[in-house]
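Please build the complete structure, drawing on both the sequences and the hints.
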Amino acid sequence: MKSAGILIACLVLAAGVPASAWDQLDQEEEVLASAEELKGLSIEELMEIDVTSVTRRSASLSSAAAAISVITREDIRRSGVTSLPEALRLVATLHVARFDGRTWGISARGFNITTANKMLVLIDGRSVYTPLFSGVFWDVQDTLLEDVDRIEVIRGPGATLWGANAVNGVINIITRPAGDTQGGLVTAGAGNEERAFGAVRYGGALGKRGHYRAYAKHFDRDSLAFADGRDAEDPMKMGQGGFRADWQGAGEADWFTVQGDVYRGRVGEPTRADTDVDGGNLLGRWSRKTSESSGMELQVYWDNTYRRVPTVFEEHLDTWDVDFQHQLRAAERHNVIWGLGYRYSRDRVSDSPALAIPPPRRTLELASAFLQDEISLAGDRLRVTVGSKVEHNQSTGFEIQPSVRFAWTPADDRTLWGAVSRAVRTPTRFDEDLVFFTTGGVPFIRGSRDFESEELLAWELGYRWLPLRDLSLDLSAFYHVYDELRSQEPTPGTVLPIVLANKLNAETWGLEGRANWQASQRWRVYFGWALFENDLSFDPDSRDASGGEAEGNDPDYRFTLRSQLDLPGRFELDGWLRTVGELPSPEVPDYTELDLRLGWRATDVLELSLVGQNLLHDQHPEFGPPGPARREVERSVYGKVLWRF
Amino acid sequence: MALLRRTVLLALLALVPLVPAALLGQRAASPEYQVKAAFLYNFTKFVEWLDARPGERSPLRLCVLGNDPFGETLDGIVFGEMVGSRPLLPERVDAGEPLNSLRSCQVLFVSRSERARVREVLESLAETPVLTVSDLQGFLDAGGHIQFVMQGNKVRFAIDQAAAERSRLRISSKLLRLALSPSEVR
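Protein chains in written order, with the working numbering: chain A, 41 to 685; chain B, 10 to 195.
Hints were generated in silico from the structure; no laboratory data involved. Source: prediction; values computed, not measured. Careful: at least some of the hints might be erroneous.
To be verified - Straight-line distance between alpha carbons at most 16 Å, and here's what the computed EDC-like set of lysine to aspartate or glutamate pairs gives:
#, chain 1, residue 1, chain 2, residue 2
1, A, Lys79, B, Glu81
2, A, Lys79, B, Asp84
3, B, Lys54, A, Glu84
4, B, Lys183, A, Asp189
5, B, Lys183, A, Glu84
6, A, Lys277, A, Asp220
7, B, Lys163, A, Asp314
8, A, Lys543, A, Glu589
Here's what the structure looks like:
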């Protein structure tokens, strides 16, 4: 088992020096590939190209030293997805499983559960995780999909730059600057599952140097179905509004952004009263670009969430966060990025007969600093990045998360990259404070203040290649070694309560890849896949009888095939086939599903579309234990109108 | 399980020889200048040189004055392209060359390296049909025609239509619609 790690290490070393970094999380895929492509672009298209990112050095995706997929605005539009979790299905490298009307399990490289805790998710730089279980309540993560610029999905540890929780990956959802969303937009649609949805957005100028936009949206989504076909009575309704303003300072170097959102929603429950959710956030960012390779950014935000799940729990959470980062060319070959961050969060949790999370109020503070240096060698053909984050939290004190990465670009059309990095998941309130009761009121599972951070050492290697002008390939392989994962230890003698500890270990490995093929001017094809295997083991003194089932339930394979075809008469025909392998325990059968979209850009301002989702089956399960109470996702059809003014 | 582990290792091994020896490549422009090069090419399609004879066959010279930020990108874009009946020809003009040699250009990009003498350059071209473009701040104030500005991470441009008309250049209304007004870049 260990020999695999050593072998990979040797390979990484043999392939040329250690491993490199992490910066260019950027942008548009190979957007600036060739002169031929550049000259084919219209002025309008040129105006849309994002040429640099202020604090992460610009580079085309093809030379990044990390496993990255980008979901573009066009991918989102042409897939017909109606929510952020659905949009994340567009890349095969994420396992997205819908559990019920409000719950999703989303993870990369395994350990997917409905409270998946190894992914960091950011919306415009704002972390949306809850310190309750270090995961994401996906039901309330929403924005106007038309205003999303791109979603970057980075597999593997991103802890050096992003910090704790970026263990298996980072999902970075980035909306467009207000200057790019000017004018009015109205969308409305209806269908059997997406019963009714609509949105309004308007953007205008803010003085001579800035722009703003404001939006409001609402959706009414139908329930899932129980295995026997009965309605699962978990429909969801949510309304959300928000704004964003971007303006340039007196000098061209400074940019300011202020943005915020508010939302309120309600989700049905088959056996109890409805779940209520609401929240809001406000974010300010000041960025200064002093040259091509230097700049700084200061960001402050406040985030408030509230959730009441009757008879289970109620949570109020406020988070304040300040982040600063500075990029400079420290010496001729050295690009340095360093940063400081501080996060303060305070929650208030109410108990129920089913569970308690004492103390009812808890304050968490997190301070962090990172430094990384990207060194250009061999005339920029080899870039080696070394860096580390140091973080301090109240539970486990200091955590050090270093990484070494390399990217070797022997020619403009190919890059070989590799990385070795360490990441941790720090204890959450679930790990430390949670108490589950049996129906008789006896503590059944309880957290422990002795809970330590879960640790990962990740080995990665990848290769990107443009064998033809119209074809790009991306392959990556990983080998992850986890220590101190959460285990459930029965109390000696009495068995109950089962106490959470860190006696589970795991090794996971897999292959991920994608191919993008521009078959013709009018036809684009994407194929993505992910193969995964894991091997769990317990410390010799562990008495865990769960087998680690509660920590992850992951398919061995996933495949995604998408096609975007432009037809004459401004019609668009898009297809999307996806296969997810069987989940081992609790068992969920493998499934293949198909979405189709027919769009018609009737005029420059009016777009009509008809979308069919999950067309191959009446309904199929994606997560949860077998039985009549398992929720299943149903076939869906909806129509949509989009009008710009 | 063991099978996949072996496959992963084999794949890792297989990746290494896929990478041939490093090829020596001429440096391409930064993404920002790749985009600006494409803009320059596009501008030629939306400008009319009023003094040019109909059916003019001589090359349309696209000159870069000073340190060249475009590298091979500009040549790659312009090579083999025609504007109407005229072939496009990229040319580099050294900072040391006499200013009156610039009068044979139809488009002149003034590089940032010429910041100190941009007024002098533009005065030497006053009322000459040469479309002047630069990303120097204050270029329009100095009498230039088109100035690039960065808005966020995107390249935008402003046009001084009156100055262009004085140089007997007609800029299409489509291009003007997309441009910022001179007051927005001052």
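Status of the hints after comparison with the structure:
1. A:Lys79 to B:Glu81: 13 Å, holds
2. A:Lys79 to B:Asp84: Roughly 11 Å separates the two Cα atoms, so the pair holds.
3. B:Lys54 to A:Glu84: 14 Å, holds
4. B:Lys183 to A:Asp189: At roughly 26 Å apart (the allowed maximum being 16 Å), Asp189 of chain A and Lys183 of chain B break the hint.
5. B:Lys183 to A:Glu84: 10 Å, holds
6. A:Lys277 to A:Asp220: Roughly 29 Å between the alpha carbons, so the hint for Lys277 of chain A and Asp220 of chain A is violated.
7. B:Lys163 to A:Asp314: 46 Å, violated
8. A:Lys543 to A:Glu589: 14 Å, holds
Hint check: violations occur at hints 4, 6 and 7; the rest are consistent with the structure.
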